[in-house]
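Note that the sequence shown covers residues 70 to 262 in our numbering.
Fair warning: there could be bad hints in the mix.
Stated by the list, open to error - Listed next, the in silico EDC-like pairs over lysine to aspartate or glutamate satisfying Cα-Cα at most 20 Å (straight line): (1) LYS203 to GLU189; (2) LYS144 to ASP186; (3) LYS167 to GLU152; (4) LYS101 to ASP134; (5) LYS203 to GLU257; (6) LYS203 to GLU89; (7) LYS105 to GLU257; (8) LYS105 to GLU213; (9) LYS171 to GLU88; (10) LYS167 to ASP237; (11) LYS203 to GLU108; (12) LYS101 to GLU213; (13) LYS101 to ASP185.
Think of the hints as simulated: they come from the structure by calculation, not from any bench. Being a predicted model, the structure only gives us computed values, none of them experimental.
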Amino acid sequence: MEGYFYGILDIYYALMTTEETSTTAPTYGTPKVLAKSIEVTVTPAYREGKMHASNATVRNVKRVDTYTVSLNVDKIPHAVLAELLGRKEDSNGVQIIKGGNKPPYVAIGFACTLDDDSKELWWLYKGTFSEPTKTAKTDADAIEYQTPTIEGVFIRRMNDDALAAVVDTAAEGIGAGVEAGWFTEVYEETEAA
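Start from the sequences, fold in the hints, and give me the full structure.
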């Protein structure tokens, strides 16, 4: 029996330490926890093309091109924001946000939990994040927590055209150690047997 989604675990990120080229794979740093997740939305965007001939559509092609990822999390530590967004600190330890700040490319990993105790594991390979959206409300007679949402856009890598890796841990034929090692490093494709 296949399970149904019911939860999400921590979000991990890994900085791309060397960018890829058309012939060279990128390298990544060690994954770190970005935050505890509340809600993750992954939205694919497509390249699409149609060809018309003889008064009919003769070709219709649709290919995934990017993913937009929206992460609503409990709290993003200031050190993580500095790393993810390319913020610089001044001599007083104050982070300065400038229009010229350049966010680095990162990979993000997360696990969706299913009600049959399995997981759907993800790594999105190459993306950048924008400044988070925050809402602050006045304190009232009931405690209402406000949490940030940060959005990133993930693109295909040049060296292998890959956008992401995803695995359902309940599926048959999953390699030994895949689940246990998922967040120790960014997962990379292995050759089929």
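Now the hints, each set against the structure:
Restraint check: the Cα-Cα separation between LYS203 and GLU189 comes to about 28 Å, which exceeds 20 Å; the hinted pair is violated. Distance hint between LYS144 and ASP186 is unfulfilled; the C-alpha atoms sit about 26 Å from each other, more than 20 Å. Only pairs whose Cα atoms come within 20 Å are accepted, and LYS167 paired with GLU152 is accepted, the gap being roughly 14 Å. Of the supplied pair hints, the one linking LYS101 and ASP134 is violated, its CA atoms being roughly 26 Å apart against a limit of 20 Å.
Simply put, LYS203 and GLU257 have alpha-carbon atoms about 34 Å apart, too far for the 20 Å limit, and the pair is violated. Note on LYS203 and GLU89: the hinted pairing is violated, with a Cα-Cα distance of about 33 Å set against a maximum of 20 Å. Taking the CA atoms of LYS105 and GLU257, the gap is near 24 Å; set against the 20 Å cutoff, the hint is violated. Our distance criterion of 20 Å between C-alpha atoms is met by LYS105 and GLU213, whose separation comes to about 18 Å.
Taken as a hint, the LYS171 and GLU88 pair is honoured in the structure, with Cα atoms around 14 Å apart against an allowance of 20 Å. Straight-line distance between C-alpha atoms of LYS167 and ASP237 comes to about 41 Å, which puts the hinted pair past the 20 Å bound. For the given pair, LYS203 sits about 15 Å from GLU108 by alpha-carbon distance, which is consistent with the 20 Å threshold. Taking the CA atoms of LYS101 and GLU213, the gap is about 28 Å. The hint is violated against a cut of 20 Å.
Proximity of LYS101 to ASP185 is assessed by CA-CA distance (about 27 Å); at most 20 Å being required, the pair is judged violated.
Checked against the numbered hints above, the structure breaks hints 1, 2, 4, 5, 6, 7, 10, 12, 13 and satisfies the rest.
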